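J.: All chains should be modelled from the sequences, with the hints used to inform the complete structure.
One-letter residues, chain by chain:
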Amino acid sequence: VTVFGTGALGVGNGDLADLYARHAPQLHRYCASRVGSVAAEDLVAETFLAAHANWQAFDSERGTAQAWLFGIATNLVHRRRRDEVRALRALARTGVDPLVEESHAERVIARTDANRLSRLVAAAMARLPDRQRDVLLLFAVAELEYAEIAAALDIPLGSVQSALFRARTRIRAALKETQHG
Amino acid sequence: MADDRDLKAIRTMVEPRLGGAPPDWPTVAARIERKRTAGEAGRWILIPVFAAVILVALGTTVLVLRWYGDSDPGPRGLPRGVAVEPTTSPSAEFRAPADVGPYPDIEAVDPYAMLADLATAAQTSGPITVAPGQLVYRHRVGWVRGSVPAPGATLVQTPTGPVEYQENESWLDPSGMIELPTPEVLASPPPKSDPAATLAAARQNFATNGPSVAQPSPQWAAQLPHDTAELRNLLHPTGQPGSAWGDDHDLFVDVQDFLSNAEPLLTGGTRAALYRLLAELPNLTAARLAIAGQPVVAVRYAGTAVKAGLTTAGTEEILIDPTSGHAVGFGSISGQARYQAVVTWSAVNTLGDRQ
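Line by line, the protein sequences give chains U and P. 103 is the number of the first residue of the first sequence in the working numbering; add one for each residue after it. 16 is the number of the first residue of the second sequence in the working numbering; add one for each residue after it.
Don't read these hints as lab results, they were simulated from the structure. Do not rely on the hints blindly, as some may be mistaken.
[To be verified] Listed next, the in silico DMTMM-like pairs over lysine to aspartate or glutamate satisfying Cα-Cα at most 25 Å (straight line):
no.	chain 1	residue 1	chain 2	residue 2
1	P	LYS23	U	ASP232
2	U	LYS278	U	ASP232
3	P	LYS23	U	ASP185
4	P	LYS23	U	GLU247
5	P	LYS23	U	GLU163
6	U	LYS278	P	ASP269
7	U	LYS278	P	GLU245
Please read these numbers as outputs of a predicted model, since none were measured by experiment.
T.: If you want it as structure tokens, here you go:
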């Protein structure tokens, strides 16, 4: 590990506490949307562990600290990809989201229309390639801009736009079934 | 897409998952501290091997790290056995928990008279000779000290972490001073970047835009001006958006960055002009001291910045060999993250060669 460079002093001068205060709630929301709120607590903590261990890798010219943190979080989510996809498939199949505590799940089931819609979305999202799902949720839930998503995932802006277009097209196609069903 | 029904549906689907909250900061800070401590313990397993290499290679001795005094680490010292360090060390300020000088082993000197002397010495210092096909080898030895914010802290002004010795070497393509990834780096890419892609992007940028301050080449550096106004305009053009630290600080850092990247390629005339340019800045300080066993002159600029209503202070430095006039090191020696490093350069035939 070396920090002999400008990157060493880049990440808010290492003021992780300040970064945490500013970004942890949004990171938690994003992680929870993918793996549930319980696992999200761990993921947020792991994100900042990784940020602390790798802060020399942060390059403010390539993106904001926020984008960098979401990139780390997304990489960590990938380690739980099976859980994420399994939950989406379960929700699509049964209408019950295994990542939601039971009492809440029951309430969701009661909302029949919304539940039916969620099952269709879950089925479509389970079939999305990982990268498209990353981009879609960073856009829809984390509400990052295109450029921030590009920085977070370390991919070109055009790839973000392309992935988002394809993902949204698939979700919209799935939703058409609610109109026909 | 004007129709956001898909986005609304996604938000509806995930909404039930969004309960709860992130863990509080003290919990996360404690985990970071535990992990850092565990990581250090693992790293220091390699230290005896490293120390043995140092002993053989340099014929020097190693000492148990005692940052706060020669005989008694005292209650503020690092726990015994935490680190083994070469006899050389960073400057005294670096070891201190706060900027509490003065220090007996540092001789303050007039920065402006010293820069004039350094410019004279630099006048006859040339670039290293890099033959076609050769690479530039860079070896850095230094120390870093960072911060682990205490639970509840919102801003840390003084480093709280231990002083860590670090050594780093890299091989650069002289056309653009582009760092080449070693086989080890290629074999274990960091989580957020692809070394091969980074290299390709750097080369593409150089091919498209040609040599520049950020990507110098020997031919480009040989033609740099010896006039301070022209150099100032090259490194810090008028009208360039400034940082919260102010123009003078930004110019000092620009010179620091440029020297850290292009030093071995510069002619004596350009190097001397850079020192004369530094002498145009107000509020400089300078000191004679020894770093890594090497007598140097540290030219320093202390600045402040106001960010989010809080004032942050930082002291940047350039370390110059008073005999040769070459810039031989760099540092940032106050504030919450500090580093100080000395650098040596040489031309080598292939990646992996060191001389």
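J.: For every hint, state whether the structure bears it out.
T.: Against the structure, the hints come out as follows:
The suggested pairing of LYS23 of chain P with ASP232 of chain U holds, with an alpha-carbon distance near 20 Å, which does not exceed 25 Å. A C-alpha spacing of about 23 Å is found between LYS278 of chain U and ASP232 of chain U, which places the hinted pair at or below 25 Å, so the restraint holds. Between LYS23 of chain P and ASP185 of chain U the alpha-carbon distance is near 23 Å, which keeps this suggested pair within the 25 Å criterion. Under the criterion of a C-alpha separation no larger than 25 Å, the hint pairing LYS23 of chain P with GLU247 of chain U is consistent with the structure, at around 17 Å.
Straight-line distance between C-alpha atoms of LYS23 of chain P and GLU163 of chain U comes to about 33 Å, which puts the hinted pair past the 25 Å bound. For the suggested pair LYS278 of chain U and ASP269 of chain P, the alpha carbons sit about 57 Å apart, so the restraint of at most 25 Å is broken. Distance restraint check for LYS278 of chain U and GLU245 of chain P: the Cα-Cα separation of roughly 64 Å exceeds the 25 Å cut-off, and the hinted pair is therefore not satisfied.
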